[in-house]
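Okay, here's what each chain looks like letter by letter:
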Amino acid sequence: MSIFVDETTKVIYQGLTGSQGSYYGRLNREYGTKVVAGTHPKKAGTDVDGVPIYANVAEAVQATGATASCIFIPAAGVRGAVMEAAEGGVTFIVAVTEGVPAHDEAYFYNQLKRDFPDVQLLGPNCPGIISPGKCNIGITAGHIAKAGGPVGIVSRSGTLTYQALYELKQKDIGVTTCVGIGGDPVPGTSFIDCLEAFEADPETKAIMMIGEIGGSAEEEAAEYIKDHVTKPVSSYIAGVTAPPGKKMGHAGAIVSGGKGTAQAKMEALEAAGVRVGNNPTEAGELMAEIVATL
Amino acid sequence: MDLFEYQGKQFFSEYGMPTSPGQIAFTVEEAVKAAEELGTPVMVKAQVHTGGRGKAGGVKFAANIEDVREHATNILGLDIKGHVVGRVWIEKASDIAEEYYASFTLDRSAKKHLGMLSKEGGVEIETVAEENPDAIAKIWVDPVDGLTENECKEWVTAAALPDQAFDGAVAILMNLYEAYTSGDADLVEINPLILTPEGKVHVLDAKVTLDGNSVFRHEDYAKYDETQTRDERETAAHEKGLQYVGLDGSVGVIANGAGLAMSTVDVINQVGGSPANFLDIGGGANADVMAGALEVINNDPNVKSIFINIFGGITRGEEVANGILEAMQRVDIESPIVIRLDGTNADEGRAILEPNLSDALLMEATMLDAAKTAVELAQ
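Those sequence lines, one after another, are chains A and B.
Take the first sequence: its position 94, counted from the start at 1, is 93 in numbering that gives the first Met the number 0, and no numbers get skipped.
Take the second sequence: its position 343, counted from the start at 1, is 342 in numbering that gives the first Met the number 0, and no numbers get skipped.
The following block holds chain B by itself, in its conformation from the complex (with noise of 0.2 Å):
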């Protein structure tokens, strides 16, 4: 789950972390309003769940009401890489001396957390790494021992922030490092950490990427889960609890088990198609599950047709082919399915659809037959 910034921060503010006082804003009346309580100078912030709002004209400085009206006119509705901007974060600006990089996330290889620092900050962290690798200090973290502070404030000097700032770094830090596990976080990022002209040391961004896996713990996350960028298409899908992602092809894709979903686009692509979705629906293949994900690809626009692709293992090919059969009854499909039945007791399943078989349901023995007869159908 990704945050908006101004969630971040209000994450992090929850952790003990000094953040600039703000407030969201869906109008440009909004905003103003809020920048009058604020006092101006403000900053107006464009809030989606992608990176380079600032080149996009989506971060803007206003010094009075005029330019905070101007500003959230323009940044309202833009389009940032496909997210339009539907709300601004009006935040109380600050005086910024120097700018800082850090974050905590899970090192897979390593198993442990890896927290980075930089005081190269404010800029693309990846460039950074590529252009100067030794300006970013990095410190694993055993997740049984926790970071302490005396590793905290080693791994302070080993980045080299000055003096002046050591001490705010350090609790920030710290309070970080406890947002990310207690929070069960993915990644928490703030770029950047600035040091302000009073020697205050203060998050000005961030980016924050929550484990929907933790929510069992966390009741108050499902604040945020309303807040997902989906398209129409993933709303759907995700309000009847399927494994969905949009893509932009035109043959629908259901198969059960994300890897073998991840092969079927993957073939699809091989014999020259385009999936229009990647669809998982799980280990079993009942008639809700299977009229459910029937109904999501129906109501995408570029479907010309669909490529059902399932392998039973402890589910029964007639199982399946009966699911098939009363989802296709219940929901009114436009475009042709082709259908690939593999796996346990397939030859009963097989012979269960081979009555029900038309030009508008068709069935290929083969993963890649199956494929051509989609793509082919699509075309």
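Same shape as in the complex, but just chain A (with noise of 0.2 Å):
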């Protein structure tokens, strides 16, 4: 089995049109990914390799079936296409799109929660979700990832997550899902929502946690994971050393004072019982032995 998404899920695209939406909805499809629709409001009744463009979310929905929709909207559009999709009717939502104005991701996150409270979003300015040899959608590179299980990862970095997918196909390990939720200030999907997927998906019997310095998040992860979870539990936190103050690149990974450093992230988690390893190659041998053992 995989989390949130599937060999069955239908996808739109919104921005399939565009320059980014078309070459990764192309090869999302190549791998397999069920794209059912794009949405334009002006290009209704033309189609993109063959995929069919509906005026908006709900006639795409109306007329295919689809579950799920990807966000490849610039970042001013994507507010309004984020709420397109829930009251268009998926209830999966991945927005890739960076650079979207954090009272935008606070504006839409807490009226999908007050509106929406069966639509999970995931992102924005997120690589994506990948269950291999399933679906794919967004813009990860299909062919790191090895299929079946048993390992779950959710990670905030987008090479990372790459990172990670591929050390542990070299050791031949495959992956259930792999979720990127994006290092943003306002996730749509945080590290706890799939760390409960993966705790209730038979399949997944290992999971991978990719943090890095900025917020909270890694913290209260440690804390369900001490009580909610019971599979083994290996991670990885960029930033160990980066500068007090410092902002790098990620909107989210800001170290103010003593709290959101790498090492309270990583004390927190080992405290949790979870083995933490000090770059990604350590943390995916720690997974391999934790493989090794299951």
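There is no bait here: all hints are sound.
Interface residues of chain B toward chain A, partial, derived using beta-carbon atoms under 7 Å:
id, residue
1, 183
2, 255
3, 261
4, 266
Computed cross-link-like contacts, DSBU-like style, restricted to lysine-lysine with a CA-CA straight-line distance of at most 35 Å:
id, chain 1, residue 1, chain 2, residue 2
5, A, 112, B, 206
6, A, 112, B, 111
7, B, 111, A, 230
8, B, 137, A, 225
9, B, 371, A, 170
10, B, 110, A, 112
11, A, 33, B, 110
12, A, 112, B, 152
13, A, 9, B, 111
14, B, 371, A, 145
15, A, 225, B, 111
16, A, 230, B, 110
I should point out that these hints are in silico values taken from the structure, not numbers from a laboratory.
Beta carbons: idealized from backbone N, C-alpha and C, even for Gly.
Could you use the hints to bring the two separately framed chains together as a complex?
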């Protein structure tokens, strides 16, 4: 099994007619993802590589029965696109777009929680989600992941997500689902959402969690693991040696005072029984050790 | 984007908050002229993107023009935590009866806006938070609902501000929330928010950080981008659109993706070296981007070796390899380069690099080995 998406998931691409949307939409489709529709307010009735374009998400859902959408729309339009997707009837939304203002994220996060509690938003500013061999939504290169399990991955960083998938594939370890939650201040899906789903998924036997400096999401995840996760977890936190007060590219990765440092996060995770590596390779090796004992 | 105090005050006054009249000055003569126009007494305040100005001697009261001349002379050029003062804000001095603290920022855990208000202002709020947390009244605001006037009144009551300050504080806090949300700020902070002996509530300092992602709906924010504090290296990188943070070590770092770049900095430290920078070239790694990155790093005199750490996802290994080779031809690089190339079509990429390897261009199979080699070369 996998979490959130599988081989039956039908996906609408908001922005399929754009350069990024058409490129990754095609790659996702070639991977086997059921890319059933695109949307564009002025291009309804046309198609992109044979995928029909509808005026909006509601019409696309009605015509195709899609349950998920993937947003490749410039940052200024993401707030509208997320709400259009939820109102249109999909229950899983992947917002790949980076550079979305934090106030927009805070707004649609709370709006969804209130009016669409069953909708799961992933992102913005995330690489997407891949259930290897079944479904790939977003910008992850599908072939760097080995299908089948037993490991579930959740990560805040894009390239480190790929690194983790690759390390495991090199060791011939399969992945049920890999979720890139993104590094923005208000991610739609949290570490805890993924930990909960992996804990409930019978095919996921172990979990790899990749975090980075800034915020307190890793500390909150550690608390959750202590109380609710029975499966073994390995982890890596990027930014151990980042100087305080420097902003390293990600909007979320800001260290302030003693809070949110990599050290604090690693200690919290270790206290929760998580095996923490000092670099991505070490985290992969720790996971290989865990898998060998399953 | 961090605003200078005077920019923050101008920003606040656009949202109807009362601030003191003042003028910006880049020279002593300009400071004197400003003070003459405003009328003494005035405050002479260093404009820097860092805290602790007062302790460093960057904020002075000037009773007369001679004082202004003396303080401006001392403060202009002053080094405050590595920030050299290039401009001073000359502001009409205010009489202060009481000092409060007020701010809004995003609470990432609660995913709501967090307002903080305290009648113990004028000092470091972290100290108050630590020693007397009850002295800070907090309010969490749902972004969908916004802040209502009634909630704001309850908040001011909870902070136990005196009756005299009540109406003025409510008005300013409502406007502060408006500035925070409509202005797409990450942080708005007033410390101190003062009560004057005449019973007026007034903004005496302003700390504002704006969300750089929001510039598409705030065209005027370009003016703030121009006044950001960056060192020479950071300015060059910013102009090329690269995500760069200057550090003070000797190993130049180029990686694709913020996470991998941070991880690269970590690994260099772990093997006993010190990184010269953090540089994220983003998902792709074409020749243009790579050449720009190498140029920035090459201009850093501290750099003794360069570690290029690329993980190919969608971008294939051979594209990365060709990009690096082409970039090396365009930029005359002084330090040896160590490459670690992994991911999609890494073998094909390595095969392209193989015939070009030398003392100036080395390749390692893993991130750890590459870091070790780069650190050795830097010594």
